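There are 2 protein chains.
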Amino acid sequence: MVERRIPIAVQEAVNKVMEHRITGEREKVSILNCNNRRLAEKISAKHNIPSFDKSPYDGFAVRSEDTQNASSDNPVEFEVVEHIGAGQLPTKTLKVNQATRIMTGAKIPSGADCVAMFEVCQTSDRNNKQYMSLKRKMAAGQNIIKEGSEVKNGELLLPEGTIINPGVKAILATFGYNQVEVARKPVIGVLATGTELLEVDQELVPGKIRNSNAYMIASQIEQAGGICKYYGKLADEFDPSYKKIKDVLEEVDILITTGGVSVGDFDLMPDIYAELEAEVLFNKVAMRPGSVTTVAVKGNQLLFGLSGNPSACYVGFELFVRPVIQHYLFNNNPYLKRIKATLAADFPKPNPFTRFVRSYITYENGMVNVQLAGMDKSNVVTSLAHTTCFMVLPGGTRGFKSGDQVEALLLNDPIGQGEF
Amino acid sequence: MVERRIPIAVQEAVNKVMEHRITGEREKVSILNCNNRRLAEKISAKHNIPSFDKSPYDGFAVRSEDTQNASSDNPVEFEVVEHIGAGQLPTKTLKVNQATRIMTGAKIPSGADCVAMFEVCQTSDRNNKQYMSLKRKMAAGQNIIKEGSEVKNGELLLPEGTIINPGVKAILATFGYNQVEVARKPVIGVLATGTELLEVDQELVPGKIRNSNAYMIASQIEQAGGICKYYGKLADEFDPSYKKIKDVLEEVDILITTGGVSVGDFDLMPDIYAELEAEVLFNKVAMRPGSVTTVAVKGNQLLFGLSGNPSACYVGFELFVRPVIQHYLFNNNPYLKRIKATLAADFPKPNPFTRFVRSYITYENGMVNVQLAGMDKSNVVTSLAHTTCFMVLPGGTRGFKSGDQVEALLLNDPIGQGEF
Chain C
1 MVERRIPIAV QEAVNKVMEH RITGEREKVS ILNCNNRRLA EKISAKHNIP SFDKSPYDGF
61 AVRSEDTQNA SSDNPVEFEV VEHIGAGQLP TKTLKVNQAT RIMTGAKIPS GADCVAMFEV
121 CQTSDRNNKQ YMSLKRKMAA GQNIIKEGSE VKNGELLLPE GTIINPGVKA ILATFGYNQV
181 EVARKPVIGV LATGTELLEV DQELVPGKIR NSNAYMIASQ IEQAGGICKY YGKLADEFDP
241 SYKKIKDVLE EVDILITTGG VSVGDFDLMP DIYAELEAEV LFNKVAMRPG SVTTVAVKGN
301 QLLFGLSGNP SACYVGFELF VRPVIQHYLF NNNPYLKRIK ATLAADFPKP NPFTRFVRSY
361 ITYENGMVNV QLAGMDKSNV VTSLAHTTCF MVLPGGTRGF KSGDQVEALL LNDPIGQGEF
Chain A
1 MVERRIPIAV QEAVNKVMEH RITGEREKVS ILNCNNRRLA EKISAKHNIP SFDKSPYDGF
61 AVRSEDTQNA SSDNPVEFEV VEHIGAGQLP TKTLKVNQAT RIMTGAKIPS GADCVAMFEV
121 CQTSDRNNKQ YMSLKRKMAA GQNIIKEGSE VKNGELLLPE GTIINPGVKA ILATFGYNQV
181 EVARKPVIGV LATGTELLEV DQELVPGKIR NSNAYMIASQ IEQAGGICKY YGKLADEFDP
241 SYKKIKDVLE EVDILITTGG VSVGDFDLMP DIYAELEAEV LFNKVAMRPG SVTTVAVKGN
301 QLLFGLSGNP SACYVGFELF VRPVIQHYLF NNNPYLKRIK ATLAADFPKP NPFTRFVRSY
361 ITYENGMVNV QLAGMDKSNV VTSLAHTTCF MVLPGGTRGF KSGDQVEALL LNDPIGQGEF
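Protein chains in written order, with the UniProt record's numbering: chain C, 1 to 420; chain A, 1 to 420.
No wet-lab data here; the hints were simulated from the structure. Since the model is a prediction, treat every value here as computed from it, not as a measurement. Hints are supplied without guarantee of correctness; some may be wrong.
Claimed, not checked - Listed next, the in silico DSS-like pairs over lysine-lysine satisfying Cα-Cα at most 27 Å (straight line):
1) 349(C) with 146(A)
2) 340(C) with 401(A)
3) 229(A) with 28(C)
4) 340(C) with 337(A)
5) 152(A) with 46(A)
Please put together the full structure from these sequences, using the hints given.
Rendered as C-alpha cells:
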C-alpha cells in the first residue's frame, strides 16, 4: 500500500521551516577578507565627514569680507601667503587681503571662510611674492564643505545583515574598520542518496547516472553565503545510512540530503527521520517541481530532504534552505525578491499545484518580461544554467498565455524581501 | 597656466580602451573550486541523456502488446519476474505476460516497451509468486524516457565564457568534468596616490582622510572576476612614484591608480605616463562623475588612472575596467546591461556632460523604476553601498522629472551585453 501524504501550501511550508530558523554567531574578519560577507554589527560614523572644513575645488581660500567691493571694474588683490595640497595642513591664519592657494580636499586655513575657484582668479608675481586678484564678491561659506555636512559623528550608516559590497567596503575603510564583525557562515552538510549515483570522476556504466545534485547544491550554498561540506553518498541501506547521518549531524549546522524522500521502495529518509526522533515538519508540498520535499527538525538543526530530481532539488533549495541561511546571516530580507512581470511565451500546462518554472528575466521598454528557460525537452539539461528567476503559477490555474502578467521570484536580486 | 584638455565622448573612450583588450590564458581547476569562474572551453554532451531508456515513474514495465485487450472489465494479469530500483540493472528479458517492478529512473528491461504507473496496478501474491493486474491498454513507448531524448551525445551545451553557476555545475558533474578549463583571473595592481591618504588602520589626523578607494576597488575587482594586488600608496613625489609603478607593472596584467590625474599642482600621473612612454588614450571624458579618468597603454598593459573621488572612481572602474576584465575572461557580453526604466524622482540638475547617477532598481507592476541612491548630501557616504545601477542622463539635457523614461546600466545583471 502506497502511503498517502497530505500536501501543504508552499507558504505554510516556508513558515514551518522559518519557525525553526536561528541566527548565527559573530566573528571578526579583516577588511581584506570581508567581500560578500554580511555585517554582524551596525556600522556608525566614528567621526564627522568631512572631519574638517575642506575645499571642493582647486583655488584660493580667502576672507569673504575682503571681497565685498570686488567687481569686474574693481579687482581686489590678495597676497598669497601659503600653498597647501590635500593632506597638507595650513599653518597660517589669513589676515586682511591674504589668500592661501589650496587644492581639492585640503583643509581651509583659519581666517578664511570661502574659496575662489582657480579659474576665476588672476595670478601674478612681484618682488618674489605671489599675488592673486579676484573680480567677484564671495559669500561667507561659499565653496566650503563644512565639517560634518556629509555625515555626523555617531550617525547610523548600515544595519546588521548588510552584505559587504564595494560601497560598504568604502565606508568600512573610511571609518577605520580594519577588522569587521560579520556573521559566521553556517556549515551545511550535503549527503546524496541513491544506488544509481556515480561520483563525477567515475566512468558511466549502464543503469547509473552521475551525481550532479551535490555539486549544484554546493554552488547554491556558496552563493547563499554558507559553507558546503559534502559527505558523499549513502547506499540504499538503512543501518549505514542512519549511522552516517547521525555522525554528520555532529559536524554541521544544517543537513541537506538529496533523494530518498519519495514513497518508493528504496526511499529510506522517512525511516531515518523516525529513528533519529526528528520531527517531520512536512513531507509533501503543493508545488511542482519538488512536491516530495521533506523538512524535519531535530533539536535546533534543520534536516532538508530535497528531491533527487535536479530541478526539484534546485527549487527546494532556493525556496526553503536559502531563507534559513539568509536569516542565519542576520539578513532581514531573507526571501527571494517577488516581482510582477509579463510572460513572454505561452505556458499551456495546467497547474494542479503551484508551479515554479525555471525562467530568466529580460527587459523591454521599461517593462520586465519573464522568459522560460527550459520548456523544450532538449533544454532540460541546460535550463538551470540559464535560470535567473522562477515564474510562479498559482495552483488551480489552467495555463497562461504570452502577455499575461505573472509573478516571478528573482534569484540574484541584491536586496531580497522581508516576507515570502 | 592650467592645461586645457579636450573631453571625448564616453562611447569613444570605451572603444579606445577596448581596442587594447586581450583575452587571458586558460587553466584547469577542480569542479570543487570552479564557482563563479568562466569557462575557457566549450562544454558538449559526452554521452546521451538519458544514457539508457528509463522510467519516469515507480511502476511496472510491461510489453504493450500484452495489454491490447486490457479494460476495466477485462484485467490482464502479469507475473512479476524482477524488482529493480534506480541504479540496479534488469537481468531478465520479459516474455508474454511478464512484468518487472521498476522504480523512477531505473533502466527499462529488455522486452518491455512501456511502464504502467504503480497507482493503476493491482498487486497480489499466490504460491510464492507476485502478480500484477492491469485494466488499461498501453501504447508502445508510453511512460518511457528514450535514450538521448534530452541531450544527444556531442551536442553543444555551453559556450566559452559562460559563468559557472549552480546549473552549469550540474552539467559539468553530469558529464564527468572532474576538472574544467577556466579563464585565468587577471591580476590587477592597485596603487593609491595622495599625501592626504591614511591607511585603514591609521588614526585620523587633521587634514587627512583614510584611503577608501583602494578597498572599494579591491572588492569591485573581485566581483568582476579578477585578483587584486594592493601595493599601498604613492607619496606625491615623482621619482619614487615612477619607480614603484615601473616595478608593479612587472607583476600585474593591468594597473589601476586612484587620484593624481587632475591638472592640480600635485597630480603626478600625467608625467609618469610620459616617462613610461605609455600612450595616453584619453585624459578627459565628457562624463560626470569621473571626467578626469585617464587611460594609458604600454605594450599590452592597460594603465587606468581613476579619479580620487570615490564615486568617480567607482563609475570609472565599472565603465572602463570591468569590460576589459570580462573580455579577458572570455565573456562575449562584457558590458553592463543597459535597460530602459522609469525615473522615480525629479533630477533637476542640468547635464553638461553625460551623467552616471548612483541609483538602484525597484519593480512595480511589471515596470522597472530607477531610484536615486545619493541625491542628498547626507547620503554621499552611503550611496555607493546602495547602488545597483547607474542612471544614464545624456549630456546636453537640462534635468529630468519623475516619470520620465531614462536609461540605466545594471551592475549585477548575470547576462550583460555585447555592446556598450
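Evaluated hints:
1. For the suggested pair residue 349(C) and residue 146(A), the alpha carbons sit about 22 Å apart, so the restraint of at most 27 Å is met.
2. At most 27 Å may separate the alpha-carbon atoms for a hinted pair to count; residue 340(C) and residue 401(A) meet this at roughly 24 Å.
3. A distance of roughly 22 Å separates the Cα atoms of residue 229(A) and residue 28(C); the hinted pair therefore holds under the 27 Å criterion.
4. Annotation: proposed proximity of residue 340(C) to residue 337(A) holds, straight-line Cα distance about 20 Å (limit 27 Å).
5. Annotation: proposed proximity of residue 152(A) to residue 46(A) holds, straight-line Cα distance about 9 Å (limit 27 Å).
The earlier numbered hints are all upheld by this structure, with none contradicted.
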